[in-house]
Amino acid sequence: MSATLTYIRTYLVRVILIIAALSGLVTWYFVSPQADAIANELQIWNTAAASWTLFVGIITIFSHYIRSVMKRERYWPYQLYAMILMVLWCIMGVWSGLYSNLYQTAYLSTKITLHIAILGQLIFFFISGVYRTFRIKTARTLLYAFLALIMVVLNAPWTQWIFPNAEKVTFWLLNNVGMSGERTLAITGGIGGVVLSIRILLGLEKGALRATEEI
Amino acid sequence: MVEIPELKSQHIWVVILCVYIFTSVYPIGVPFRMSEATLKAYNFIDSLPPGSIVIMGGSGVFAFDLESSAAMIAAIKHMARKGLRLVALPLGTEAVQFQKYCIDTARVDEKYGGPWKYGVDYAVLPYIPGGSAAVVSFLTDVHALVSTDVMGNPISKLPIFEDLHDYRDIALWTCPHWGFWIVRYVTGERGIPMIGFAQAAAYALYSVYMMIYPDKVWLTNGFLGGAQYEKLVGIKGLGHAAMDSYSLISIFVVFFVILGNLRLLSSIKEEEEVIE
Amino acid sequence: MISTDPWVWLSALLTLCSFSLLYGDNPFFRFAQYTYTATVVAHSVVTGVPTMRDRFMPLFTGQKPLMVVPFILGIMACFIVYRKYAWVASFPYALFIGVGTGLSVRAMVATDIVGNLKAVIREAGDIVVGPMPSRLGNLVRVIFIITTMIYLFFTLFHKGPLSKPFRYLMTFGKYCFLAYMGISVGNAIMQISGLCTSAINRLIRTWLGL
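Protein sequences, first through last, are from chains A, B and C. In terms of our numbering, the first sequence has 1161 at position 82, counting the first letter as 1, and numbering is strictly consecutive. In terms of our numbering, the second sequence has 292 at position 226, counting the first letter as 1, and numbering is strictly consecutive. In terms of our numbering, the third sequence has 81 at position 79, counting the first letter as 1, and numbering is strictly consecutive.
Isolated chain A (complex conformation) (with noise of 0.2 Å):
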């Protein structure tokens, strides 16, 4: 592609990135049944056209896991079995519905089910690193070790139980020093963000856009 069509494609990315992005912040600053309406329409527009990107995962795994497929590569006969599963699913789940009981106890059965399992077994790891990382050498230690403790303590029934005031503990903790921490990074997120939404802006931030770029 020439030149001058890469910089006219890229400015006409800008110019409706910047659009776009104006029209979100006009609406709320400023008082205009007109700037409303194309904010809202802008913002339904992105939810329609972003629904096709619901399909852009089949594409890419298919892709690659044919050309895995034609080569034997390692694994192949997995990918082979989970291609016949997807396209099988699919078509289950487009006759039966979303919302039938059948696809509901088919998704609870398979993926939930695995990925509760997998999740789940995080404990296991959990409680044998705790065994090795939480033993008290530095002060640092000591702090992070002893408050993650407390917390799985007075978070149990028993403990509870014993200590009728454990719970206010928990919770005096959780909305104290626990807020204070994430709040600093919500001000400092916030902060981040906005620095960032200006770079887009100013197509100082090209992120996603890099598709732009002369391949």
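These are computed hints drawn from the structure, not numbers from a lab. Since this is a predicted model, take the numbers as computed values, not measurements. Since no wrong hints were added, every one of them can be taken at face value.
Calculated lysine-lysine pairs in the DSS-like style (CA-CA distance at most 30 Å, straight line): (1) C:Lys66 <-> B:Lys223; (2) C:Lys176 <-> A:Lys1247; (3) A:Lys1150 <-> C:Lys86; (4) C:Lys161 <-> C:Lys176.
Pair ranges (Cβ atoms, derived): (5) A:His1143 <-> C:Tyr170: 52 to 60 Å; (6) B:Val340 <-> C:Ile123: 52 to 60 Å; (7) C:Pro29 <-> A:Arg1211: 25 to 33 Å.
For every residue, glycine included, the Cβ atom is placed at its ideal position computed from N, Cα and C.
Fit chains B and C to the known structure of chain A by using the hints.
Below, chains B and C alone, put in the same frame as chain A:
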């Protein structure tokens, strides 16, 4: 000094697995106390007039959200008893399944003998992509954003949507997900009260907004909050089961940390003896 | 009584396959892994059907002919997967990022920055009023937030006469942050423990019926 051997991870895992199996077969049933935070959330729902529209909206990962489901299911039961109405707004690809799971498990639909009728007392929308754009647009004009429910029925034919046009018609927003960013638009911009059935890992994240908007945002804390809400509603669900095993697991966490530190102490003594 | 429901059996076997990772990487776990991937990706497609129907219903019923624009933009967004034509996707992505940026900026300024700072000022005033635990809590919040912000923001300059007290404040801020992390991790254990309970209960109670 007695030498304490270093434990292998597998040994610890076997012990932990046994604890979970034991509590699953023999539930201990340790009673727990009610927290003020859960009580406030319960009281707010209780104070809403019958017919008020509540939104169950957010985006998240089902497996993580399972923790929030304990309180959400109990809250749905509570809403149905109070005669409130519910619109489920999925903002994540798994949210439709999660919200169906919560509504089905609460057994509030008339097909399970409950008081709710689909389309009249509750409705489920299809997944709406776009994150913040979807939330803002929904709050601005529901009918401009959404045309059908999850099953393809036009929302103009569902009676519940006759009373839901924009943010002014929403009495409460409940979020059984990590969707703390939703508070910014729902409560921050539109002033709608919100109850977050927060996962334990997200509680601190949510509590920031609870402090910014006191008396507008309430939270329950993880499985414990779920178990407490279940107790208030009078059911025994996942919250109770989770807290039962947690009672025992918490003891083992402390035990293994103490053991690890004793091991550290004994290894230091060993080194000192070798030097001497 | 052991369950006779094939879905319960499938669920239980997949749970066992997943837990087999504790023994080490093995074909059963890999089978579970690929099942997981396949269902996640296919679910996205199944979800896409009612979503597309809802989003583009006004276009096909003729209520909103302008919806043809996001329809085309959506197709263009799918080009992101082809490196050679990925530039086509930059137009819809500009819309996504633009709308998201505009909405985030206004919300973050109002809540995360201004809202939080207002809350800190309010809490600073509340240090001298109310019951003792609440006063202590407000004091902790204000001190922790100021010192942690110093720790996070000023990582570079440590020169001049104030460098020493400044560094003390930073160190204190670091410890405050560590305290927050300890509390968050401690509280989060309840979540993964509960998820494990759910998985084990599925095996013991639902499947084996014990």
